[in-house]
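Build the complex: two chains, separate frames, hints provided.
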Amino acid sequence: MALKMVKGSIDRMFDKNLQDLVRGIRNHKEDEAKYISQCIDEIKQELRQDSLAVKANAVCKLTYLQMLGYDISWAAFNIIEVMSASKFTFKRVGYLAASQCFHEGTDVIMLTTNQIRKDLSSPSQYDTGVALTGLSCFVTPDLARDLANDIMTLMSHTKPYIRKKAVLIMYKVFLKYPESLRPAFPRLKEKLEDPDPGVQSAAVNVICELARRNPKNYLSLAPLFFKLMTSSTNNWVLIKIIKLFGALTPLEPRLGKKLIEPLTNLIHSTSAMSLLYECVNTVIAVLISLSSGMPNHSASIQLCVQKLRILIEDSDQNLKYLGLLAMSKILRTHPKSVQAHKDLVLQCLDDKDESIRLRALDLLYGMVSKKNLMEIVKQLLQHVDKAEGTAYRDELLTKIIAICSQGNYQHVTNFQWYISILVELTRLEGTRHGHLIAAQMLDVAIRVKAIRAFAVAQMAALLDSAPLLASGARRNGICEVLYAAAWICGEFSEHLQEPQQTLAAMLRPRVSALPGHIQAVYVQNALKLYTAVLQRQEQAAPDPQDAPPDADADADAADAPGAAQEAAQLLLERLPQFVQSADLEVQERASCVLQLVRQAQKLQARGVPVAAELSALFAGELNPVAPKAQKKVPVPEGLDLDAWINEPPSDSEAEDERPRAMFQEDEPRHARPKAQEADDEELARRREARRQEQANNPFYIKSCPSPQKLYQDAPGVDHIPVVCIDLSVPLRVPGLPASEQYVKLEEERRHRQRAEKGGRKHRKKDKAGRGGRRGGSLPDSDEDIAPAQRVDIVTEEMPERHRPVAPPKSPKKEAAAPKERKSKKPKKEKGRGRDRDRDRKAQALDLWLCSTPPAEPAESTALGTPSLDTEVPTAPQQPSEPCPDEGDREPEAHKKPHKRKKQRQEKERSGRDKKSRKKRAEDGPPLGTGALEEAEEEPLPPMSSYALLAENDFVRMTYEVRGSLQGGSQVTVSLVLENLSSHVLKSLELGVLDSLNARLARPPGASAHDGVPVPFQLPPGVSNEAQFVFSIQSVLTAQKLKGTLSFIAKNDEGSTHEKLDFKLAFTCSSYLVTTPCYSDAFAKLLESGDLTGSCVKVDGITMTFRNVLAKICFHHRFSVVERVGSCASMYSRSIQGHHVCLLVKQAEQSVSVDVKCADATLLGSLLDELRATLSAC
Amino acid sequence: MILAILVFNNHGKPRLVRFYQHFPEEIQQQIVRETFHLVLKRDDNICNFLESGSLIGGSDYKLIYRHYATLYFVFCVDSSESELGILDLIQVFVETLDKCFENVCELDLIFHMDKVHFILQEVVMGGMVLETNMNEIVAQMEAQNRLEKSEGGLSAAPARAVSAVKNINLPEIPRNINIGDLNIKVPNLSQFV
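Sequence order for the protein chains is X and A.
Quick note on this note's numbering: the first sequence kicks off at 1 and runs consecutively.
Quick note on this note's numbering: the second sequence kicks off at 1 and runs consecutively.
Do not rely on the hints blindly, as some may be mistaken.
[To be verified] Quick list of in silico lysine to aspartate or glutamate cross-link-like pairs, EDC-like style, CA-CA up to 20 Å: (1) X/Lys159 <-> A/Glu136; (2) X/Lys34 <-> A/Asp43; (3) A/Lys41 <-> X/Glu388; (4) X/Lys1097 <-> X/Asp1154; (5) X/Lys352 <-> A/Glu25; (6) A/Lys41 <-> X/Asp351; (7) A/Lys13 <-> X/Asp71; (8) X/Lys216 <-> X/Glu261; (9) A/Lys41 <-> X/Glu395; (10) X/Lys159 <-> A/Glu142; (11) X/Lys34 <-> A/Glu25; (12) X/Lys352 <-> A/Glu26.
Hints are computed from structural coordinates only; laboratory data are not their basis.
The following block holds chain A by itself, in its conformation from the complex (with noise of 0.2 Å):
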């Protein structure tokens, strides 16, 4: 089982916060930040799993992790899920994410935290793992969108100003991050944070 995913950027500002188990908000923010001063502490090579202990859900559960550029994607996972394999979960989750907003960046997570949640619900449902095959995640993801698009949407444009903001003069240092086969493009985003 999977007890939580958390998604929080290089300073411990959470973009995604996932709980399967009824957390009230104060600790779930504590848990975030608790989470984000013991993952911010280990190099990016060594290895990504932590022991979580106390943290949450006590000595079963642990912490596997992965840093992408400015983001961290948390785990905080059960026995009986095996450590390589939630690493190639968050793995799949990132490529998806990739694949549905084109080159992904913190951007897209900040400004469409609901769309994120929604890929989230096709990767993972009530903790469990319900599908990681990217492809089968992506066409479902699509249909939905077009369903929405056929509705007119949340509110009018929302794309637009995104796009805006976008282009205005965001420092352009691409980060080339090595996921597997992939490449996504992620610019520093520090002076927004």
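This is chain X alone, in the form it adopts within the complex (with noise of 0.2 Å):
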């Protein structure tokens, strides 16, 4: 190619040129950076040489260099040298590497100053222009104040082409040496009415910049801009100082007027689209800083309006999107001009362009009236079906949700259409909205109680609906709309059709793959709808045949007796895999649900009423507060408000040691909403200020609508006649099953109204059959469109002699936090016997079932110390207590304290059983299943999980295994490692053969050969636990896994490397996971003859039963079902979900053991771990 015969040349040294360096570049695309290193190191070299010409080439090519991003900062000294040369060319060259490089940092710059004046006083004008145009680049505060007086004598050269450069650099000048500013003015509006229109307008340029930064100072010019205004043809100039105008405005009305009409001739007579634009802006401008007074605004407004649409019809993308960005203005102070031309805008979300569309979208917002809120929003909910890309749609949804809540939902007539509408939108897919949703569908809930029915229905169908549950739901967060879809149902589950069902939609086990706070309401909700299923069974049974009249028991009629009792058993069914969650919120209400009903169930078996008690803990009615409701609170006599609290803290000390008489327990919980509020309302002055000033800024683009208020005051559109819907267009869009009916609906029901005013009658039954109005005080609607249903609170207008808020004994108030305010009455009925460790957690509860209540006192020892390891009590140990940690009961375990969390949180633990044991010898029969509660005297002894896995001088490892249920099919193993050698060890690496069954879980991106590093250093004697995640393939057989620990042992002399090979044995009772049935459902179970059974009978045992038992709860993960003398039904299940029931008969001296188990295999291995585990006791 020609290309590489140039290439020839280029190799030259001194001799390429900036061109040359261009197809340098271009030559080697692939080692770029190397050629451009090789060229700074040529130029470098050229920099060097005396001549100036090579110099100011080499600076030239530096300058392109900056342009791709090399820093050239380092050749500023050269730059200033070419700046310096006498001849044109090289200077123009320095001067513009200079602007491109220089700045305030440079050190260098200041060697610039007597160059630069040198070359402003040149006799050759592009000498000087030169020099002005880079200084306006680089110009410094320094240079700026050694050169002010040379420019200002240059604003006056006899040539324009230096003067508009003098005039426009002096900004740049009066920015870094404000001092300048005075002097220069007069000159500088002398240049206002200069002869030659581009220094003319580079003054123009330069103060509207002035004025844009502090518009006051520049109000005295107000006249000569007018003057330039009506005489200059120059539509830059006319631009400069309309916008100019639009800032000044603001400030003297009086000039606003008087802009009124030379701007609407100009809008008249222009032909440039910029010019009228601008001056449309201005006109806003004025008219909002006008506000009112003169009459003949509307003909301003109209013609503003009317340009603007024809600025919108435009095929110009740009004027489109202008035209928007203006309307959008007009709408806050004139939103009745504007919403005539709904149509265009509703047009415009059709565009192609999306910044078009969100313009339009905007404008909406503040269109939307009662009578067209169902329209728009219909016509919004097609886009939404047609809109590509979810950024767009989610601005939709944002938008529709938006347009219908503002202003306390001043438009929404008809609120079954609005949860329609909500419904609808949980259809979307890949929203991430789905909190916006729920929060709305909340709110409209719980604050319109006519609704509730409605709403309560299409809960139970939401949570009905399977496409919520799915994975990509989760994944967007859609599956929010859940959380209130249950809330709501549970909430108001009296309006419920079918309890049952809704209960069983909640308890599938589906759902706790769902996020936990959401798992957490269905757990609380299902209990109230447990409640609500027991209560209608409850009024309906004391004398079924004559049923009271009311809806309930018509509803109760389908029920059958046992309605209650089946709900209670599916609770007790699928509440245990809640308990089992890893959330603890979902733990700890799964906890107190599932032993509410059981006490429910039991106390519902003897015949006890158990409905009235059990919806106390839900009674009580939701009242939203007002905002300002605090305000209404009356100060308590004697409270002063403004007084310290606490004296603010002195200087002297003297003060600070005086008792803390003065602390007062009730003042800060008054004290403090005060003052927040106070801080509120100074806030809120404030913010009003800034938008007053931004509304009257023209320049503030950004468009924030909030216009609900100004909509308020503006005139009834009563005359507005209202268009009847022509039925022949198909009303049923497809996409819009549900809600579009009631656009139908709404037009009938306004009819009705309408040809009720027409008779002149004012009764307002249809009102009163529809819902409440109380409360409502929303603003006397000036339409004839009364809302089919009312919102009920919410204005800060609340009548003054309100009762105070919060009255201690309301136990329903913070509407927005249900879930806090329900969980603390579960809590004290019920033993808090609940764990923390959720692995632990059942074990723990079923052994502190099967167990005595334990030897306070040596334990309690044990916990008032702050580490947990100076003393083990020894002697009778609980086996309640089987593991707050079992590698504390190993003998050498516990020499050095740990500070490992977990132990912490298993004394918190330890502590609350401990309590709740207290509690419950306080309050008489324990509340649960209640099987084993006989005290027994002998003590069990301890017990560990742990065994021993391998040791050698340095180190000991023991390790213990459990099943998640959480996790699929996986193990944990917790290794505990205890160092014996004086080393400290590190480096800590396991590795272990996978087997095809048994797989370590390793970080992400290591191979299946790597160890995994243990997370810890090891200093001699102390012991720390590192767990690893083992994934299992099948659990029918157990197995061992080959491994090594590889670490490093260092101390003083030096360090070694060290192995310790290990044998990991998992048992198939390693594989099993405590879970607690109950006697039905493990009847139910042993009944579907799905499992296999096999027998196993050990001699010899003297061991007392209990304790027997203890030790298969213990070892092999079972939960004890129910204990009938000396025969006991256990239950367990494998992480991959067998079943596994246990039929455990003592007699005398022998132990038989019948295994019932889903599968033959798992069934065989687990007889030879019972057996041995029987064979020890």
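Given below as structure tokens:
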């Protein structure tokens, strides 16, 4: 190629000019960086040459490299050299390079002062021009101060070319050296009337920039500008001036009045769209600043809107965009004039340009009224269906919600319609705004009482529908709506037609895949539903023959008498999976609910009515609280809110030592909200001021419409003829099945209302029939469209003598936080025997159930001390505490204080257990299944599930394997490593040879042969625990894995690499997870016939039956289902869901165990293990 | 005020980078890259304004751009500038380039970055619009070129080498872009980029 030929000459040094450099770079695509660094080396050599021509050439090339992102500040001095060349050609190159790379931080810049001054006074206008241009880019305060006079002189230069540059650069000088403004200003003002249009334009430019920073100071120039505006024909100048007036009018309304006429003339006469647009903009700014007064306003507004319509209808997207932008400014003050162009705005929603669509959406927000809301939302929904790209769809969704909910739903007349819209929105794929929809559902259901029955039905349907549970929904957060759905169904369960069905839907196994906070609401509301079922049944039960004529009973007619029992059964069956949840909230609530239901079931079995008590848990009406309600609370007598609660910290030390007698308990609670309130008011005031300022500032482009206030005082729209919807147009649009029927219904309703009005009937029967009106302090609408339902409270305007909110006895207050509120009561009623450690939780619970109340004093000493291991209760080891920490029971495992979190947690837990046990003792019979209550004296020997894995001179490894239902087919191996040596052990790494059946979970990216690092080091004598997760293919047989622990043992003499081999045994029992089960479920399981059975009998057992059971529970992770005398049934479940049932019987000196299991292989393995355990007894 | 003027081609290669506020070189490159990605996503038939947001300068700033054949001309301006005015200014700038280079194409910008800068300096100075009259700009440029020629130029004959390159086997697929009443012929340079 010919380029190659040129390349020959490229390599000749000193000859390479800019073009050669560019060509060279283009020829070295693969190694561009290398080539350029080579070139930079050449440039450095060139810069060392004496010839200015060579230097200028080099600097020119550097300027190019700067554009490519290379730092050239190292050549700053050379650039100055080139700037000082006498030849214009070189000088220009030098100044260009300087303007590209010099800035205030460039230190050599101070060397340029004299050179620039020389150039400014050069006889050649181009030398001067180049210097001015360059200086405009890198002027510093020093340069500005030193050169201000020279530049000022240039403003009166004979050549307009120099004059305009000098005028323009003055702005930069003012910025850097403000003192120069005063002396220079008169001359600058003169230049506004310079004969040369270029100079004039530059002067206007500078003054506009100055006025933007501080408009007040330039008001005095308004007459001059006014003259310019009416005389100038230069559109650039006109645009600048008109923009300047836009900034000035808010300061001087009279100016605005004067401006309107010439601006309207310009609008009529100009053909330049840019000028037209700026005129319209300024007229809008003027009209905003005039607020009211001039009667002929509407003409100007009409003109603006009309011109904007032309812009919007133009095919040029730019004009369309700007038209919409300006339209949204008009909307804020004159919404009606814009509303007339709704069709146009809706059309823009179809535009292919997203920025235009977004602008149109902004406009729509301000355009809705009661009359057109349904129609607009319907159209938006159609767009939602059509929209490509989730971003825009999400935007549409938020807009729909914003439009409907604005001003306390002031435009929503039919909330059934709105709920259906919300339900429809949940069908959107991939939206991120699940929480937004959920919040709306909650808000509407709580505040609009009349809608609850309908909302509950819809929510029940939502809960029933499968798609929201799909994994995609979970990922995107649309499943958030289930939170609202579950809560609404539970809270307003009296409206629910078939609570059982909803209950079943809420307890489906797939629910456990939802996020924790949603599961928690599910669990809590399952209890509410259960209560509702129970209540209905009990209401119906006393006299089924003549059922009371209320609606609930009707629904009950279908309920079999056993409905409550069935519901309870369902709960007892399904809740355990929530008890197993990794989410603490879910776990806690599930435990509470489980116990409550058990208790209720038991009471019910005895024929005690419990519904009333259960429903007392959720009694009380939800009352939304107005934002300013706190203000209505009277200040208690004698409370001085302005007084210090605590004395402000004083300097004198004597005061600090005073006793804290001044501390009064009650005051802070009252005082704080008040202080907050004052702050809020202050903030609100500032916010208002700021908004005002922005509203009046035409340069504030971002429109943040908050128009409802403005709309409220807008005159009525009664005179607007309501257009009947032409029913020949199909109202049913595919994809809008539910909501759009309301549009039709609404039309009919309005017709009816109008008819009534016409007949001068002022009855309000319709409303009375439809829902409560009380509390609705909405401004009375002047439209003749009465809402079908009313939003319940909400404005600041509460009656002055409103009863103080927040009475302590009202349990339901915070509508926004239903879950905190509810969780307290059940907790009190139930023993708080729950466990934070999810893997061990159920086991602890079961063992606790099957054991005697423990010897408290011994434990409390252990608990009283800050570290767990100072004293180990050696004497009666409570079986109820099998796992506070097994590691602790190891003879040597507790020499050093452990500071690990887990142990702290366990300490807390055991503390809690203790409390609950105490409480139980006080409260009488415990609330558990109560199968094993009798106190037995015989102590159980200490048990540990930690087995020795391997040991050498350095380290001892003990381990325990636990399965987890949460993680699928996974088991967690807890490995306790204890340093037996005086070395520091570090870089511990666990290598395990994976088998086909079991695999160590390794960090992503690691290969199957890599070890997994242990996340700690071990100083001498310290032990610590690490956990490793293994995924298991089959749990049917026991197996062993070979592994090696490698580590570095280091002491003062040096360090050695050490290894310790071990064999990790996974017994079948370690795949079992303690799962509570209830006798009826257990019976069902046995009846199902899916299980194969086998039996083992071991003789010579001297241990008490209780201890035998405890051992089986502990080592094999079973839970006792029922115990009758010397016979007990037990249950467990494998991590892959195999059920295992045991029937343990004790005869004289022997124990026989019947095992039933879903899988024969597993059964066999388990039998062997059980036999081994029992033989050891 | 104009904060920055960027010219890059369809592949994001910078052809002219002019900031009127100091940014370190790497930030400059980043801005060019991000601007390119913003602009590239947009069809030719949608509006030419972009609220640049956090990119440079904050919410008061807008990107206003025009796309001519292989080149994007992007101006980053604050709210004191009229959007449509800047669009016209870009037009003026491109037309001036066209006059000065006689049928400007991307190659002219590549090989004569310095000249493009000199032309721009006659249109915008220190971030403010200096001159919008094309004839005036061209006249000043010609006067300066004459001055340069009388001094013998920066190096002997840069124009020769370029004209050689121009006449080689460039694929002559001219595209007519209608800018106002002017037609600029811009060859497709994709194989060069």
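Checked hints:
At roughly 13 Å between alpha-carbon atoms, X/Lys159 and A/Glu136 fall within 20 Å of each other, so this suggested pair holds. Distance restraint check for X/Lys34 and A/Asp43: the Cα-Cα separation of roughly 37 Å exceeds the 20 Å cut-off, and the hinted pair is therefore not satisfied. Restraint check for A/Lys41 and X/Glu388: the C-alpha separation of about 15 Å stays at or below 20 Å, so the hint holds. In summary, the hint linking X/Lys1097 to X/Asp1154 is supported, as the alpha carbons are separated by about 9 Å, within the 20 Å threshold.
For the hint linking X/Lys352 to A/Glu25, the alpha-carbon distance of about 36 Å lies beyond 20 Å, and the restraint is violated. Between A/Lys41 and X/Asp351 the alpha-carbon distance is near 16 Å, which keeps this suggested pair within the 20 Å criterion. About 18 Å separates the Cα atoms of A/Lys13 and X/Asp71, which keeps this hinted pair within 20 Å; it holds. About 23 Å separates the Cα atoms of X/Lys216 and X/Glu261, which puts this hinted pair outside 20 Å; it is violated.
A threshold of 20 Å between alpha carbons decides the hint, and for A/Lys41 with X/Glu395 the separation of about 19 Å falls inside it, so the pair holds. Our distance criterion of 20 Å between C-alpha atoms is met by X/Lys159 and A/Glu142, whose separation comes to about 17 Å. Restraint check: the Cα-Cα separation between X/Lys34 and A/Glu25 comes to about 19 Å, which is no more than 20 Å; the hinted pair holds. Under the criterion of a C-alpha separation no larger than 20 Å, the hint pairing X/Lys352 with A/Glu26 is inconsistent with the structure, at around 35 Å.
Hints 2, 5, 8 and 12, counting from the list given before, are not met by this structure.
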